[in-house]
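Take a look at the letters that make up each chain.
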Amino acid sequence: MVNNKNIIVTGALSGIGKATIEVLLKHNAKVFACIQFETEQYSDYLLKLNKEFPDKIIPIVMDLNDENSIKEAVKKIRSYKISIDGLLNIAGMTEDAIFQMISLEQMKKIMNINFFAQMKFTQYIVKLMLKKGFGSIVNVSSISGVDGNEGQTSYSSSKGAIISATKTLSKELASKGIRVNAIAPGTIATRMTDKVPLEILNKQLSKVNLKRIGQAEEVANLLMFLASDFSSYITGQVIRVDGGM
Amino acid sequence: MRMLKNKVSLITGCNRGIGKAILELYAQNGSKIYAHSRKKNEDFVEFLNHLSEKYDVEIIPVFWDLTDYNEMKIFFRKLVKSKEYIDVLVNNAGVTYNSLFLMSSIVELRKQFEVNFFALYQLTQYIVKLMTKAKKGSIINVSSTAAFDGNMGKSAYGPSKAAVHALTQTLSAELGAYNIRVNSVAPGVTDTDMLKSMPENIVLETIEQTDIKRLGKPIDIANTVLFLGSDYSSYISGQVIRVDGGLK
Chain E
0 MVNNKNIIVT
10 GALSGIGKAT
20 IEVLLKHNAK
30 VFACIQFETE
40 QYSDYLLKLN
50 KEFPDKIIPI
60 VMDLNDENSI
70 KEAVKKIRSY
80 KISIDGLLNI
90 AGMTEDAIFQ
100 MISLEQMKKI
110 MNINFFAQMK
120 FTQYIVKLML
130 KKGFGSIVNV
140 SSISGVDGNE
150 GQTSYSSSKG
160 AIISATKTLS
170 KELASKGIRV
180 NAIAPGTIAT
190 RMTDKVPLEI
200 LNKQLSKVNL
210 KRIGQAEEVA
220 NLLMFLASDF
230 SSYITGQVIR
240 VDGGM
Chain U
0 MRMLKNKVSL
10 ITGCNRGIGK
20 AILELYAQNG
30 SKIYAHSRKK
40 NEDFVEFLNH
50 LSEKYDVEII
60 PVFWDLTDYN
70 EMKIFFRKLV
80 KSKEYIDVLV
90 NNAGVTYNSL
100 FLMSSIVELR
110 KQFEVNFFAL
120 YQLTQYIVKL
130 MTKAKKGSII
140 NVSSTAAFDG
150 NMGKSAYGPS
160 KAAVHALTQT
170 LSAELGAYNI
180 RVNSVAPGVT
190 DTDMLKSMPE
200 NIVLETIEQT
210 DIKRLGKPID
220 IANTVLFLGS
230 DYSSYISGQV
240 IRVDGGLK
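Protein sequence lines, in the order shown, are assigned to chains E and U.
In terms of numbering that gives the first Met the number 0, the first sequence opens at residue 0 and continues consecutively.
In terms of numbering that gives the first Met the number 0, the second sequence opens at residue 0 and continues consecutively.
For reference, chain E alone in the conformation it holds in the complex (with noise of 0.2 Å):
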């Protein structure tokens, strides 16, 4: 599906975006992936990945809080001089908590990093897929910023934020060859679901038609398909990946 295919994956440490990296892999893609931080543990992972997909995974260090790293970010990758095919924008943060209890430094928080801070990346990247007059772009939005959900004003808004970019940047871009998606996932079983009680998740799950959690891999499936020629006719949606709810 995504056969020499090079992609920018953000948000590689964990959950969807680990999970998209390992499929984007062994579907054999090239695969920029962009991590906020190197641990030890996750360069011992890198190393296992390398052994088993020799030359086809590049890290890329990149604090999404920080203009300059993402400028340097850019550059590294530009130094690479290959032509990039998609860019998936997975990275993401939440803190809960209802409405009358967010400080308004949190809400910059988080709008910073799931939304202006995806743009200013998503700008740069474009411009390198401008070129080729080649690309296909996916953000990660959430069910969240689709339906709303209690506790999540400020995550919700910045998902609702992202869908509204991507129906725009449809716009301005499929005519130049670049498609622009969305996805909305549901409940995945995720170091962010992990945080939720237990009471609250089957109560979302008896909501969802197939009865059961997502797994990270099979949104990773999803970005893979909008990433790839498969879709190649697809552009300004919002995909629902939840189970049906």
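I should point out that these hints are in silico values taken from the structure, not numbers from a laboratory.
These figures come from a predicted structure and were not determined experimentally.
There could be a bad hint or two in this list.
DSBU-like cross-link-like pairs, simulated, lysine-lysine; straight-line CA separation at most 30 Å [claimed, not checked]:
1) E:K126 <-> E:K80
2) U:K247 <-> E:K130
3) U:K132 <-> E:K210
4) E:K202 <-> U:K212
5) U:K82 <-> E:K25
6) E:K175 <-> U:K132
7) U:K212 <-> E:K126
8) U:K82 <-> E:K210
9) U:K4 <-> E:K29
10) E:K130 <-> U:K216
11) U:K247 <-> E:K175
12) U:K82 <-> E:K175
13) E:K29 <-> E:K50
14) E:K170 <-> U:K247
15) E:K210 <-> U:K247
Fit chain U to the given chain E structure using the hints.
The following block gives chain U in isolation, referenced to the frame of chain E:
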């Protein structure tokens, strides 16, 4: 990579257009196929033989008018008798007549609902009986963006496809517990025979309204139908995926 290895699929209306593209892609991806078409046709059978040889898959042609419920029942009984199982049902067959609301006859309206909705409903009911037993399955309904956008001359076709969409969501809710996923694909303006029923200026205007500025090709739709039929979409259900080049 064969995405449908060891799967058995039933595709309706696959003698031309989008259905034909789905048929070929499914064969290429290793699925055993029951290939449905309304009328028996030697060229079609020959094409199936060619696909079967080329991709080394079994393809069984089945012919009946979708609205002939008796023939449908006979087909289903044969399936049951042969202990066949269907992993993927692609409800693709459909008809359209374009006419302005005031010029549309109730007869034409009913005809479109008969094929696009009632026949689909009945066939799905039969196949779901097999799927619930096996506790797995994927159903893909080929709908249309006309179901959502409201297009001139589509006062019958649009509602028939909207009904399919509502059915998709209800079935997803009812059948999810049996591990059966139900989704629909909504093609935008796609380069098929159906397009010929639309005036050229409207087609050009619609292309202008897409982000991507071109017509869809049958293979574009088929690729999404393949993804939804495969296990790659194992957590996607109750969705309508627009394959429309970003149509507004």
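Going down the list of hints, with the structure as the test:
Proposed proximity of K126 of chain E and K80 of chain E is supported: the alpha carbons are some 13 Å apart, at most 30 Å. This hinted pair checks out: K247 of chain U and K130 of chain E have alpha carbons roughly 27 Å apart, not beyond 30 Å. Annotation: proposed proximity of K132 of chain U to K210 of chain E holds, straight-line Cα distance about 18 Å (limit 30 Å). Annotation: proposed proximity of K202 of chain E to K212 of chain U is violated, straight-line Cα distance about 44 Å (limit 30 Å).
At most 30 Å may separate the alpha-carbon atoms for a hinted pair to count; K82 of chain U and K25 of chain E exceed this at roughly 36 Å. For the suggested pair K175 of chain E and K132 of chain U, the alpha carbons sit about 48 Å apart, so the restraint of at most 30 Å is broken. The suggested pairing of K212 of chain U with K126 of chain E holds, with an alpha-carbon distance near 21 Å, which does not exceed 30 Å. For the given pair, K82 of chain U sits about 28 Å from K210 of chain E by alpha-carbon distance, which is consistent with the 30 Å threshold.
Distance restraint check for K4 of chain U and K29 of chain E: the Cα-Cα separation of roughly 26 Å lies within the 30 Å cut-off, and the hinted pair is therefore satisfied. With a C-alpha separation of about 26 Å, the suggested pairing of K130 of chain E with K216 of chain U holds against the 30 Å cut-off. Taken as a hint, the K247 of chain U and K175 of chain E pair is honoured in the structure, with Cα atoms around 17 Å apart against an allowance of 30 Å. Between K82 of chain U and K175 of chain E the CA atoms are separated by roughly 51 Å; this puts the pair beyond 30 Å, and the hint is violated.
A threshold of 30 Å between alpha carbons decides the hint, and for K29 of chain E with K50 of chain E the separation of about 14 Å falls inside it, so the pair holds. The hinted pair formed by K170 of chain E and K247 of chain U meets the criterion: a straight-line CA distance of about 10 Å does not exceed 30 Å. Annotation: proposed proximity of K210 of chain E to K247 of chain U is violated, straight-line Cα distance about 34 Å (limit 30 Å).
Against the hints set out earlier in the document, violations occur for numbers 4, 5, 6, 12 and 15.
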